[in-house]
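Asks: Sequence:
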Amino acid sequence: TEHILRGGPVVWPILGLAAAALLAAIGKWISLSLVPSPSRKRIDALLQCVEEGRLDAAKEAAAGIRGPTGEMLAAGVALIGKPVELLEEVMYERVLVTRLKVQRLLPFIAISAAAAPLLGLLGTVTGIISTFKLITVFGTGDVKTLSGGISEALITTELGLIAAIPALLLHAYLSRKAKGITDRMEQSALSLVNGVAIGQPDPRDAGSDQATTDASSGGGSDASAAESARDALVELLGPLLEERRGSDDSKPTSDPA
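Residue numbering for the sequence shown follows the numbering used here, starting at 160 and increasing by one per position.
Please keep in mind that the hints were generated in silico from the structure rather than gathered at the bench. Any given hint might turn out to be false.
[Stated by the list, open to error] Below, simulated BS3-like cross-link-like pairs (lysine-lysine); rule was C-alpha separation at most 27 Å, straight line:
id, residue 1, residue 2
1, Lys260, Lys338
2, Lys200, Lys292
3, Lys218, Lys260
4, Lys260, Lys292
5, Lys218, Lys200
6, Lys338, Lys200
7, Lys260, Lys336
8, Lys200, Lys336
Hey, can you work out the whole structure from these sequences and the hints?
Replies: Take a look at the structure:
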């Protein structure tokens with residue numbers, strides 16, 4: 160305690176920031192640990208049901224998956240049959256909501272890790288200033304008098320680093336843990352979208368096939384109409400051609416001299 164008190168007034172903000180960061184890290188670790196991890200076996204069973212088109216079984220499988228991943232998959236299964244874009248948007252919204260929840264308090268821990276060394280540096284500066292003031296008054300002959308300012312400068316730097324290093328490590332660990340939760344959700348969402356694409360035809364493809372069929376049938380009808388018009392033209396012009404041919408045959412041919 161005496162060692163800490165010798166650090167001067169800047170010690171107290173450093174200790175308060177370190178305590179707040181530690182409490183925030185413990186609370187965040189508890190909240191992230193309580194988030195259930197989805198079973199890969201259950202997710203695979205759900206995807207198989209979706210690919211086979213068994214929606215009732217898929218809804219039951221989604222209800223058996225716990226945590227935010229299960230809620231997202233249940234919302235996605237309920238939208239099967241709707242446009243794929245709507246399915247993607249709804250699940251992406253769920254991922255964003257979960258990301259905001261799991262990242263709460265992490266910025267504060269990061270700020271604490273960055274601010275603690277700066278407070279230590281501030282204490283160092285104030286300690287050096289106090290030392291120079293004492294040198295101005297008493298000179299450099301009394302080392303004991305100068306040791307107070309030097310101790311203040313070094314102790315605040317020490318405490319700032321002691322507070323910053325654990326906060327930095329805790330932030331890295333908790334950020335990785337939070338990112339793992341959202342990464343699993345994104346992977347499950349992508350798998351569900353792919354399963355839906357496999358399990359049901361795309362309406363745009365169906366429309367394209369229908370358009371191709373219509374075009375083919377339209378082309379056939381156009382060919383039939385052209386053939387009918389040609390036959391009608393032959394029937395109309397046939398007698399005229401026969402009459403013209405007969406008149407040409409009846410003309411006398413001149414005998415060459």
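Asks: Look at each hint and say if it fits the structure.
Replies: Going down the list of hints, with the structure as the test:
1. Lys260 to Lys338: Given that 27 Å is the threshold and the Cα spacing comes to 11 Å, the pair holds.
2. Lys200 to Lys292: Given that 27 Å is the threshold and the Cα spacing comes to 71 Å, the pair is violated.
3. Lys218 to Lys260: 25 Å, holds
4. Lys260 to Lys292: 50 Å, violated
5. Lys218 to Lys200: Distance of about 15 Å is within 27 Å: holds.
6. Lys338 to Lys200: 21 Å, holds
7. Lys260 to Lys336: 13 Å, holds
8. Lys200 to Lys336: With a Cα-Cα distance of about 21 Å, the restraint between Lys200 and Lys336 holds, given a limit of 27 Å.
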